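If you're matching them up, the sequences are chains A and B in order. Counting in our numbering, the first sequence runs without a single skipped number right up to 110 at its last residue. Counting in our numbering, the second sequence runs without a single skipped number right up to 99 at its last residue.
Calculated from the structure, these hints are not laboratory results. Just to be clear, a hint being listed does not mean it is correct.
Stated by the list, open to error - Footprint (simulated), chain A over chain B, 3 or more residues, beta carbon under 8 Å:
hint, segment
1, 28 to 42
2, 78 to 88
3, 91 to 99
What the hints assert, rightly or not - Quick list of in silico lysine to aspartate or glutamate cross-link-like pairs, DMTMM-like style, CA-CA up to 20 Å:
hint, chain 1, residue 1, chain 2, residue 2
4, A, Lys45, A, Asp80
5, A, Lys102, A, Glu2
6, A, Lys45, B, Glu87
7, A, Lys102, B, Asp25
8, A, Lys102, A, Asp(-4)
9, B, Lys(-2), A, Glu38
10, B, Lys(-2), B, Glu66
11, A, Lys102, A, Glu38
12, A, Lys52, A, Glu65
13, A, Lys102, B, Asp46
14, A, Lys45, B, Asp83
15, A, Lys102, A, Asp80
16, A, Lys45, A, Asp(-4)
17, B, Lys(-2), B, Asp25
18, B, Lys52, B, Glu66
19, B, Lys92, A, Asp80
20, B, Lys92, B, Glu59
21, A, Lys52, B, Glu87
22, B, Lys92, B, Asp25
23, B, Lys52, B, Asp25
24, A, Lys45, A, Glu65
25, B, Lys92, B, Asp60
26, A, Lys45, A, Glu59
27, A, Lys45, B, Asp85
28, A, Lys64, A, Asp(-4)
29, B, Lys92, A, Glu38
What you are looking at is a predicted structure, and each value in this text was computed from that prediction instead of being measured. Cβ coordinates follow ideal geometry from the N, Cα and C atoms, glycine included.
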Amino acid sequence: GDSVTQTEGPVTVSESESLIINCTYSATSIAYPNLFWYVRYPGEGLQLLLKVITAGQKGSSRGFEATYNKETTSFHLQKASVQESDSAVYYCALGDRGTGYQNFYFGKGTSLTVIP
Amino acid sequence: EAAVTQSPRNKVTVTGGNVTLSCRQTNSHNYMYWYRQDTGHGLRLIHYSYGAGNLQIGDVPDGYKATRTTQEDFFLLLELASPSQTSLYFCASSVDRDTEVFFGKGTRLTVV
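Please construct the entire structure, taking both the sequences and the accompanying hints into account.
Structural data, given as structure tokens:
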């Protein structure tokens, strides 16, 4: 089936350290898989962090990066140096561009706490 | 930035009670969605709509009704609430089915 698996949280990192949140996906019935990272800051709704629609491409935003790897079916989120303001819950998601993004498959979310 | 407003933000109701969650977007978006999120699960789609008067069934529709009264307003109805419907509910909207989806801040519903 179609699904997303991401790093189980919570994750705690010290400020200025590097971060990687793993995300792997299964898109057995999706013809045009697109990959997303959403972030939810405390008290806020989910916000799109970055999106990649083509395999082999990299998306970046706010210092975060993720590469759509079709061979390893992965879309890991990385940041070289985290800040306290990055504390949030991060969701990896798989969308089907062909039938529409109402068919999102979300990971369970990874709660990140950055210690100053 | 597109805005999606949910109300109430928190709600407590009793088993068997009647609950309506409201969502309004003023972005002129065609698509609107209702999701639920439970501990240990990602967001799961309950219902969605692509215009006023339209309703489509999502992945977890049992126990929920929804109605899109206008382009702006999408309601989620729980007519006989059960404890299993205790969850965090998100409303979202998008211009079209393959464009960026914008989420509200969520409604935390507790059924006791």
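Verification of the hints:
Counting residues of the segment 28 to 42 of chain B whose CB lies closer than 8 Å to any CB of chain A gives 6, so the stated coverage by that chain holds, three being the minimum. With 7 residues bearing a CB less than 8 Å from a CB of chain A, the segment 78 to 88 of chain B meets the requirement of three and the coverage assertion stands. Given a C-beta distance limit of less than 8 Å, the hint that chain A covers the segment 91 to 99 of chain B holds, as 3 residues qualify and 3 suffice. Restraint check for A:Lys45 and A:Asp80: the C-alpha separation of about 18 Å stays at or below 20 Å, so the hint holds.
Annotation: proposed proximity of A:Lys102 to A:Glu2 holds, straight-line Cα distance about 8 Å (limit 20 Å). Taken as a hint, the A:Lys45 and B:Glu87 pair is honoured in the structure, with Cα atoms around 9 Å apart against an allowance of 20 Å. A C-alpha spacing of about 9 Å is found between A:Lys102 and B:Asp25, which places the hinted pair at or below 20 Å, so the restraint holds. A threshold of 20 Å between alpha carbons decides the hint, and for A:Lys102 with A:Asp(-4) the separation of about 14 Å falls inside it, so the pair holds.
For the proposed pair B:Lys(-2) and A:Glu38, the alpha carbon gap of about 17 Å is at most 20 Å, so the pair holds. For a cut-off of 20 Å, the pair hint linking B:Lys(-2) to B:Glu66 stands: about 14 Å separates their Cα positions. With a CA separation close to 17 Å, the supplied pair A:Lys102 and A:Glu38 stays within the 20 Å bound. Restraint check for A:Lys52 and A:Glu65: the C-alpha separation of about 14 Å stays at or below 20 Å, so the hint holds.
Taken as a hint, the A:Lys102 and B:Asp46 pair is honoured in the structure, with Cα atoms around 16 Å apart against an allowance of 20 Å. Our distance criterion of 20 Å between C-alpha atoms is met by A:Lys45 and B:Asp83, whose separation comes to about 16 Å. A hinted pair counts as satisfied when its Cα atoms are at most 20 Å apart, and A:Lys102 with A:Asp80 qualifies at roughly 18 Å. Annotation: proposed proximity of A:Lys45 to A:Asp(-4) holds, straight-line Cα distance about 18 Å (limit 20 Å).
Of the pairs offered as hints, the one joining B:Lys(-2) and B:Asp25 holds, with about 16 Å between alpha carbons and a cut-off of 20 Å not exceeded. Restraint check: the Cα-Cα separation between B:Lys52 and B:Glu66 comes to about 8 Å, which is no more than 20 Å; the hinted pair holds. A hinted pair counts as satisfied when its Cα atoms are at most 20 Å apart, and B:Lys92 with A:Asp80 qualifies at roughly 18 Å. Of the pairs offered as hints, the one joining B:Lys92 and B:Glu59 holds, with about 16 Å between alpha carbons and a cut-off of 20 Å not exceeded.
Distance check on the hinted pair: A:Lys52 and B:Glu87 sit about 18 Å apart at the alpha-carbon level, within 20 Å; holds. Pair hint B:Lys92 plus B:Asp25 holds up; C-alpha atoms about 15 Å apart against a cutoff of 20 Å. With a C-alpha separation of about 19 Å, the suggested pairing of B:Lys52 with B:Asp25 holds against the 20 Å cut-off. Note on A:Lys45 and A:Glu65: the hinted pairing holds, with a Cα-Cα distance of about 18 Å set against a maximum of 20 Å.
Between B:Lys92 and B:Asp60 the alpha-carbon distance is near 16 Å, which keeps this suggested pair within the 20 Å criterion. Proposed proximity of A:Lys45 and A:Glu59 is supported: the alpha carbons are some 10 Å apart, at most 20 Å. With a C-alpha separation of about 12 Å, the suggested pair A:Lys45 and B:Asp85 falls inside the 20 Å cut-off, and the hint holds. A C-alpha spacing of about 14 Å is found between A:Lys64 and A:Asp(-4), which places the hinted pair at or below 20 Å, so the restraint holds.
The suggested pairing of B:Lys92 with A:Glu38 holds, with an alpha-carbon distance near 5 Å, which does not exceed 20 Å.
The structure is consistent with each of the numbered hints, conforming to all of them.
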